[in-house]
Amino acid sequence: MSSVAKQNRVGLVSLAVAAIALLLIPQVSVGSGTEFTSDILIFAIMAIGLYVQIGLLGLVNFGFSAFFGLGGYLGALLLMRWSPSLMISLPLTVVGTALVAAVCGWIALKTREIAFTMITLTFAQLLYVLAVANDGWTGGVNGLSGIPRPVLPKVIALPLGLSLDSDAGFYYFVLAMFVLVLWFVHTLARSRMGAVFAGIRENEERMVVLGYGTQHYKLAGFVISGAIGGIAGYVNATLFGFTGPGSLFWTVSGEAILMVILGGASSLLGPVAGAALYVGLSHYAVAYTDHWRLFVGCAFIALVMFAPQGIVKIVQTRLRRLVSAARNGDASMTVGKESSP
Amino acid sequence: MNTGGLIEYLVNGLQAGLLLFVISTGLTLSFGLMRVVNLAHGSFYMLGAFVGLTVAQLSGSFILGAVAAAIGAAIAGWVIERALFRRLYPRGPFAQMLVSFGLIFVFDELVRIVWGGDVRSLPRPAALSDSYEWLGASIEGYRLFLIAFGALVCAALFVGLVRTPIGTAVRAAVDDREASELLGMKVTALFSLVFLVGAGLAGVAGYVAIPIVNAFPGMGDDVLVSCLVVVVIGGLGSVLGSLLASLLIGYALTVGQVLVAGYAPAVMYAVLTLVLLLRPHGLLGKAEGV
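Chains as they are written, first to last, in my numbering: chain A, 91 to 431; chain H, 2 to 291.
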């Protein structure tokens, strides 16, 4: 019992430390540090969205860029052509991506395994082709630039003195979206629906025999996941004021899968850690060389070859080993090692 | 549409379809044999194009370029299979997909380092640069050459698969890998060979495609998606199915080009969606297997 309580306490403490660190980022970071952290959080939102399919449902979707890109375009069009308000453009973007996800999912979920993977890839490529060809709305290959930052409603903006035009203000907005999505998926995974998702992931036939309409559950997961992808796309487009067809290209879907798998698809920490590692690796590699993709590619291959369960699992086992080694060792070691992580 | 235009579209569709078949054969067979989804297959196409281009420019010989493209891509394929894929068979298609995705980054960047980021072109060889008039249609000699090349590869593949002992072994292993292994067949060795040949074919295809589509880093990323579509429509692992699918996609793209210019690839995805909904295992795929 005491070890469980202790683990809970460790978890709570690290959660509090992470929360404080994330809140302090705009105050302590130098240069583009705030924007960099925003970037990580945005891709973490995207990876969490995909995690709903890969991690919770066991559906390998290779077309997640569809929702990420669509969220970007929808948000951009709403902000540029209709209303600069956050409270109008964000909900409509979420509803829009969810609707498209419902249609795609309804068709794609008629297939399974590799066919499902391929048909999702197809939908994303279809959107890519449409975005490139239809240049009246999407700006064609050039995409849309000059997207304004959304305007917060006065009820929130005035008392906090926040505006999304500043880097810090936007960062807190991204952080809020990240926490919201993280909390939502965490709750979803622990809900009754999450239990059915796990049942489908482990053995769908058994769930069908038990009387569950598994198709409906899978579609629900698909739509939730797509809507989260849409949020990530919306935030990404408004951070940089730009969205382009590149956000719909299939390599983005591959990157999203990489983030989930790198971190590990067995817990919600996985996609977050994977996104941080991916964005971090590419960010620092860019600083050193024009050919950063070469190193990022090699790093991925090495990770998949030698660390298949994802980095979160590896760190956890390492820590556990350290802790138990310390317990068996002398008391002075215990203090040193347990406080270090 | 007049007769001439119709003939031109028939010829262009056939050329696009056969070229797609040559590129995607390696992907079809490697999936059929080992359930490997090699996303880096497009990289062999790109690598062949650049190696061939360089050799052709240095030697001034189109044919020498083609040979170099095949050898270069085949060597790359062999190394990749030995160094990476071979270790991943027990881990299922997912790990292979990820590793091959990483390989795309590596290959695209290596090509950018060695050859630079520019778009490069290669003139059609003098003997093939004429156009022929026939029933009001103007047909490029180079496209006829591509059709002949595609048909030749196609014929060689089918003869090889049906008439030679190795081809028979490959077909048996695609059909039932466990049984073939129990009978003492070395399926992994067979797979190395198939992977090497498939990479080589993709390499030559990339090289002979340059006069039509040019060569640039990342040229394989677009082609890969078309290849995946072909493999899935044809039925995973079926060579005949992938031939039918290639022709279907070749014509879908050509017809799409005529009907809805910018949206041509959308027609291809519409075809894929339709086929998967009607036949989830592809045109000639087996129901179990996947």
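Do not take every clue at face value.
[To be verified] Stretches of chain A that chain H covers, calculated by requiring three or more beta carbons in the stretch to come under 8 angstroms of a beta carbon on chain H:
| id | segment |
| --- | --- |
| 1 | 165-171 |
| 2 | 190-201 |
| 3 | 205-219 |
| 4 | 288-300 |
| 5 | 318-332 |
[Stated by the list, open to error] Short derived list, chain H residues pointing at chain A, Cβ under 10 angstroms:
| id | residue |
| --- | --- |
| 6 | L7 |
| 7 | I8 |
| 8 | L15 |
| 9 | G103 |
| 10 | A170 |
| 11 | V259 |
| 12 | L260 |
| 13 | G263 |
Rather than coming from a laboratory, the hints here were simulated on the basis of the structure. Here a beta-carbon is modelled for each residue, glycine too, at the ideal position from N, C-alpha and C.
Now for the hints, and whether the structure bears them out:
Remark: the segment 165-171 of chain A is not confirmed as covered by chain H, as 0 of its residues place a Cβ nearer than 8 angstroms to a Cβ of that chain, below the required three. Only when three residues or more bring their CB closer than 8 angstroms to a CB of chain H does the claim for the segment 190-201 of chain A stand; here the count is 3, and the claim holds. Note: the segment 205-219 of chain A has 9 residues with beta-carbon separation from chain H under 8 angstroms; the three-residue rule is met and the coverage holds. Counting residues of the segment 288-300 of chain A whose CB lies closer than 8 angstroms to any CB of chain H gives 0, which falls below the minimum of 3, so the coverage claim is violated.
Evaluation of the coverage hint for the segment 318-332 of chain A: breached, as 0 residues show C-beta separations to chain H shorter than 8 angstroms, against a requirement of three. Among the interface hints, the one on L7 (chain H) is violated; its C-beta lies about 25 angstroms from the nearest C-beta in chain A, farther than the 10 angstroms criterion. Annotation: I8 (chain H) was flagged as interfacial toward chain A, and the flag is violated, the nearest CB pair being 27 angstroms apart, outside 10 angstroms. At about 23 angstroms, the closest approach between the beta carbon of L15 (chain H) and any beta carbon in chain A exceeds 10 angstroms, and the interface hint on this residue is violated.
Proximity of G103 (chain H) to chain A holds as hinted, the smallest CB-CB distance being about 4 angstroms (cut-off 10 angstroms). Because the beta carbon of A170 (chain H) sits about 24 angstroms from the nearest beta carbon in chain A, more than 10 angstroms, this interface hint is broken. The interface hint given for V259 (chain H) is violated, since its Cβ lies 15 angstroms from the closest Cβ of chain A, which is over the 10 angstroms cut-off. At a threshold of 10 angstroms, the smallest CB-CB gap from L260 (chain H) to chain A is about 13 angstroms, leaving the interface hint violated.
Given the 10 angstroms rule on beta carbons, the hint for G263 (chain H) holds: about 3 angstroms separates it from the nearest Cβ of chain A.
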